[in-house]
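The sequence shown begins at 1 in the UniProt record's numbering and counts up one residue at a time.
Everything hinted at is true.
Using C-beta positions, here's what the derived DEER-type ranges look like:
hint, residue 1, residue 2, range
1, GLY123, ASP160, 30 to 36 Å
2, THR62, ASP167, 22 to 28 Å
3, GLY71, PRO161, 18 to 24 Å
4, PRO107, THR72, 21 to 27 Å
5, PRO86, THR136, 29 to 35 Å
6, GLY31, GLN108, 31 to 37 Å
7, GLY31, PRO69, 33 to 39 Å
8, THR98, MET66, 29 to 35 Å
9, MET99, ALA30, 28 to 34 Å
10, VAL119, GLY93, 19 to 25 Å
11, PRO176, ASP46, 15 to 21 Å
Calculated cross-link-like contacts (lysine-lysine; reagent style DSS-like; alpha-carbon spacing at most 30 Å):
hint, residue 1, residue 2
12, LYS34, LYS153
13, LYS153, LYS101
14, LYS101, LYS34
Rather than coming from a laboratory, the hints here were simulated on the basis of the structure.
The structure presented is a predicted model; accordingly, all values stated were derived computationally and were not measured.
For each residue, glycine too, the CB sits at the ideal point set by N, CA and C.
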Amino acid sequence: MRLVMLMAGGAVLALGACAREEMATGTPMAGGAKAVAMLRTADGTDVGRATATEVAGGLRFTVDAMSMPPGTHGVHVHTVGRCDAPAFTTAGGHWNPTMRKHGSMNPQGPHEGDLPNLVIDSGGRGTVGATIPGATMAGLMDADGAAFIVHAKADDLMTDPSGNSGDRIACGVFQPA
Numbered sequence: 001m002r003l004v005m006l007m008a009g010g011a012v013l014a015l016g017a018c019a020r021e022e023m024a025t026g027t028p029m030a031g032g033a034k035a036v037a038m039l040r041t042a043d044g045t046d047v048g049r050a051t052a053t054e055v056a057g058g059l060r061f062t063v064d065a066m067s068m069p070p071g072t073h074g075v076h077v078h079t080v081g082r083c084d085a086p087a088f089t090t091a092g093g094h095w096n097p098t099m100r101k102h103g104s105m106n107p108q109g110p111h112e113g114d115l116p117n118l119v120i121d122s123g124g125r126g127t128v129g130a131t132i133p134g135a136t137m138a139g140l141m142d143a144d145g146a147a148f149i150v151h152a153k154a155d156d157l158m159t160d161p162s163g164n165s166g167d168r169i170a171c172g173v174f175q176p177a
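With the hints as extra help, turn the sequences into a complete structure.
Now the structure itself:
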């Protein structure tokens with residue numbers, strides 16, 4: 001009986017180990033690193049935050065926006081951790097370590113920095129989240145950091161390099177959390 005109990009216990013442990021090794025991309029990780037970018041407009045108004053969290057197989061980006069113009073806005077992770085007003089061009093282009101084209105609808109895309117559009121309601125609030133498979137916190141928080149940009153218009157999810165999403169209207173620099 002003792003041998004049967006030991007064998008059953010070993011089987012349970014083995015199954016548990018397999019489950020840990022085969023976690024689906026996007027599954028939360030205990031103790032995963034996190035970075036936060038506080039979003040501000042060119043005049044310094046606080047309009048929300050973007051969060052990057054390590055998950056199994058990639059990074060999960062979430063955006064919580066407030067006091068933003070209603071409508072649909074392109075949102076992207078950019079390559080440089082700078083947000084110099086008024087145009088935020090110091091944030092550089094989209095985070096694209098795999099050298100792909102822009103957009104989830106582009107057969108040669110997307111960039112790792114491409115996210116779904118952010119929809120802002122009539123009260124100025126909106127949220128969006130997406131998991132980017134293969135993205136790493138080390139890649140995001142490299143020597144020159146990274147920024148998060150909210151654009152004036154919707155991203156068409158196809159046109160290189162930025163989806164015709166218009167001016168940069170809010171920006172935040174990722175900082176370890």
